[in-house]
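J.: Residues per chain are reported as follows:
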Amino acid sequence: MAVLKTLGIETEFGIVHRGVAAPNPISASSLLINAYLSLRTDPGGGPGAPRVGWDFVDESPAADLRGFTPLEAMAPDIETHLVNAVLTNGARYYVDHAHPELSTPECADALSVVLQDRAAELILIESMAAANEFLPEGEELVVYKNNSDGKGNSYGCHENYLMDRATPFGRIVQHATTHFVTRQVFTGAGKVGCELPFRERNHIEFQLTQRADFFEAEVGLETTLKRPIINTRDEPHADPLRYRRLHVIVGDANLCEVATFLKMGTTAILLAMVEDDVLDPTVALADPVRALQAVSWDLNLSEPLGLTDGRSATALELQWGLLEAARKYLLERGTDAVGGVVADNVVDRWEQVLVSLERDPTELVGQVDWITKRHVVEGFKDRHGLAADDLRLAALDLQYHDLRPERSLFARMGAEVLVDPADAARATGYPPTDTRAFFRGRCLALWPDRIVAANWDSMVFDAGGEALRRVPMMEPSRGTQEHVGTLLETCGSVEELLDRLSA
Amino acid sequence: MAEREQRQRVGSDRSTEDPGTAEESTSPASTERSERLKGELDGLLDEIDEVLETNAEEFVKSYIQKGGE
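Heads up: the sequence lines are chains A and B, in that order. With our numbering, the residue at position 246 of the first sequence is 246, and numbering never jumps. So our numbering is basically just the index in the second sequence, starting at one, shifted up by 1000.
Just so you know, not all the hints are guaranteed correct.
Heads up, incomplete: computed chain B residues facing chain A, CB under 8 angstroms, no partners named [unchecked claim]:
| no. | residue |
| --- | --- |
| 1 | E1035 |
| 2 | G1039 |
| 3 | E1040 |
| 4 | L1044 |
| 5 | V1051 |
| 6 | E1053 |
| 7 | Y1063 |
| 8 | I1064 |
| 9 | G1067 |
Simulated from the structure, these hints should not be mistaken for laboratory data. In this text, a Cβ means the ideal position worked out from N, Cα and C, and glycines have one as well.
Let the hints inform the model, and build the full structure from the sequences given.
T.: This is how it looks when you write it as structure tokens:
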């Protein structure tokens, strides 16, 4: 039986410190986040995101889902000395290597992720404004929600999905790979040019995704070298006997809400189908790494991809197959594990998008990022009669992702909105109500001075006694408003909360 | 032909020769939509000169992001 698909996104943002000769991205990222935190803790300055640090006790990013850690693998480092905060919406906001990164709180459906992803953008926008108050005249921090600098450097937008530990890993690899390669037709954020090693930047004019050029392996633990389509990091942040967390590193950061909605929603359903073993076992890509790039470079969406049994199919044909399986699956098994009514909306939208991709992709301007970006890049190129390698087109690409409202090209595209902007603003300080993020976020808002540290699966309270008290939260679907809302409302103190929790 | 049939089987049972698809691409609604899109794009392109970084070449060259993930 498929387990409840708790899901979320971690986004690393590009950052530029303008007006200085030798910018340092680590200090720029630290300034950005610290400025936001100080803004939020000012009296009357918002929902009071406290300076509660991240608790690293349960972090083990070198653990491998396959049950071993290959000797040659480059294990991700944990940088405990850099700024790392937990917010009152349950999110984690921190410096990762040389980027500001925000992990959304755990969500119970794809629409909730869209809301939290939009909230994350608002947090970064507020952070820029706050940081720029500290900077001298002529200097500015600018944040970009993209995944590539156009020079061969990439940074990630990682998705996370809770899965059943009992599902055979090989089955996940087979079907998730098919989906990750072919979903690019609607998840791609678009890119001017090519960054494949040993190719000229203008080897191709435009491609579907930011990330496909950077993937070299089918399966592996790395995230920065020899990037694999299936990442095997095994850190469930939940009961490890019941769950695994699929850490997906192959996607692009999306600006279009419809794209984020489909990226998360279709993948959650796909993984539930893998758990329940309903997918056609004969469909497997023969060369997934090559196929990933082939789909990203195929603006006509017509490239046949070879399968292991000698047949071939286009990305769209394989997506139609997955959609049909998903419809049948939801009809037979229900939508409980994959977000309820939201899952029905996902498959309806999934179908509409596939129809438009076949008929006329420009119908998806404002819904799919690569199509939206290409529309404006092509229009600009035609109007000014530019060559394909004109750097102004590369500049347009970057500015599509610029998060400053007055500079963002995306913001001017009139994209379709799925969540109310007022709800997104509220979600910068208020957690989802239907996962354990509710308990984390509300405790932080109610008792910021009494929480010593927090992480995904526990919180440490200072209850005034001799020892600190750790509250484990190993079940992501517990700690919801339904479970603890009344408890939190009626507890007058942390001591009372801890007493009642242990009673 | 043989390959076409095989590809059909892999993808789905659905017929790709969906009647109406051909007409729809030139239907009045579709033409109206593409005219509207073009009009909006023209307006947007008028604005882009204000938004686009003044020295695009320098901006693109200096946009370097090392370290991540």
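J.: Kindly indicate which numbered hints from before are broken by the structure, ordering the numbers from low to high.
T.: Of the numbered hints given earlier, those the structure breaks are 1, 2, listed in rising order.
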